[in-house]
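Taken in order, these protein sequences are the chains called A and B. Counted from 1, the first sequence has number 21 at position 21 by the working numbering; the numbering is strictly sequential. Take any residue in the second sequence, count from 1 to its spot, add 1000: that is its number in the working numbering.
Think of the hints as simulated: they come from the structure by calculation, not from any bench. We put the CB at the ideal spot given by N, CA and C, even for glycine. Errors might be hidden in some of the hints.
These stretches of chain B come out as covered by chain A in the derived footprint (C-beta under 8 Å, 3 or more residues) [as the list claims (entries may be wrong)]: (1) 1012 to 1024; (2) 1124 to 1131.
Residues of chain A clear of chain B, computed beta-carbon distances all greater than 12 Å [claimed, not checked]: (3) Asp-15; (4) Ala-22; (5) Ala-27; (6) Asp-48; (7) Lys-56; (8) Leu-128.
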Amino acid sequence: MSRETRLLMICPTSDVTPEMLARTIHAMGEPVGLKETCYGCLVEGEADVVRRVTDKVRDMEPYAIFSKRRAYRMGDPVRCRAQHGTRPGYSQLEEEWSKLPFIRAGLIAAEKGEVPPERPKREKLPVLKFKEICEVKE
Amino acid sequence: MKVFIDPPNSMILFDLVERFGHEPLSTMAALQERVDNLEVDMPPMNVTLDDVVRGLKYAGIEVPSGVRGRLAVWGPLIEEADAAIIVDDAPFGFGCVGCERSELMVKYLIRRRGIPALRLQYPETEEDGIEFVAKVKGFLEGLQ
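Let the hints inform the model, and build the full structure from the sequences given.
Written out as structure tokens, the structure reads:
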């Protein structure tokens, strides 16, 4: 028996709300702990059960919900903001949250089998060209 | 296959690697072992004194202890990995990724191991996102 805590985050362009997500997981009737948060929710329980819940959520909303494991338990006093935990900040999550719409678009395109257009490689600027740019024209 | 992700706490990479059928090696799993075994008892640190000593395997004694501490967590993951996905130029001012020197060491260790590695940049537009996912998917499918 090993515990797993999983963080489920909703893509900002999705219509799903944390409340809807929490209700859906409750309705599954799986033996997991659940905490609704501003970005989605936290799920905690035995590893295989949590995996099952994550898979079901992913099947229901394949492009709207992203997840990762979390080292600390739900509401761990050293991590929890509500108790002024000593490990502050969700800066990484916040940063990645803002990029989720792009990843969502990528996943939808990959599902459709779209191939991204080839982009021209960035080449180094020739010295002469650089010199031209630097020279001040009167 | 086991895929090391860098930044090691990245949700995007963790999710994508899992979606495409591989096992992501991340900081979270490594730290969970320490949290569950009550090794981490010195807030606000995420590593123990033993970890910093263990980090000597991956970085010299003259290297700052912060780098050694990070490598003590990430080093064993890199040794365990069959492949790696690296996001270059990630914003470094946050989280456990907040050290450019550690990042350089991680890239060096991955290169020294000679495992297949994909290097990317975080997407800034929808087109970037499509390219990002396509590259990750292609790389992970090619591993099988």
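Going down the list of hints, with the structure as the test:
1. Under the rule that three or more residues need a Cβ within less than 8 Å of chain A, the assignment of the segment 1012 to 1024 of chain B holds, with 6 such residues.
2. Requiring three or more residues with a Cβ within less than 8 Å of a Cβ of chain A, the coverage given for the segment 1124 to 1131 of chain B holds, as 8 such residues are present.
3. For A:Asp-15, the condition that its CB be more than 12 Å from all CB atoms of chain B holds, with the nearest at approximately 18 Å.
4. Non-interface call for A:Ala-22 relative to chain B: holds, since the shortest CB-CB distance, roughly 19 Å, exceeds 12 Å.
5. Annotated as non-interface, A:Ala-27 keeps its C-beta farther than 12 Å from every C-beta of chain B; the closest such distance is 23 Å.
6. With 12 Å as the threshold on Cβ separation, the claim that A:Asp-48 sits away from chain B holds: the shortest Cβ distance comes to roughly 14 Å.
7. At roughly 14 Å, the least C-beta separation between A:Lys-56 and chain B is larger than 12 Å, which holds for a residue marked as non-interface.
8. With 12 Å as the threshold on Cβ separation, the claim that A:Leu-128 sits away from chain B holds: the shortest Cβ distance comes to roughly 29 Å.
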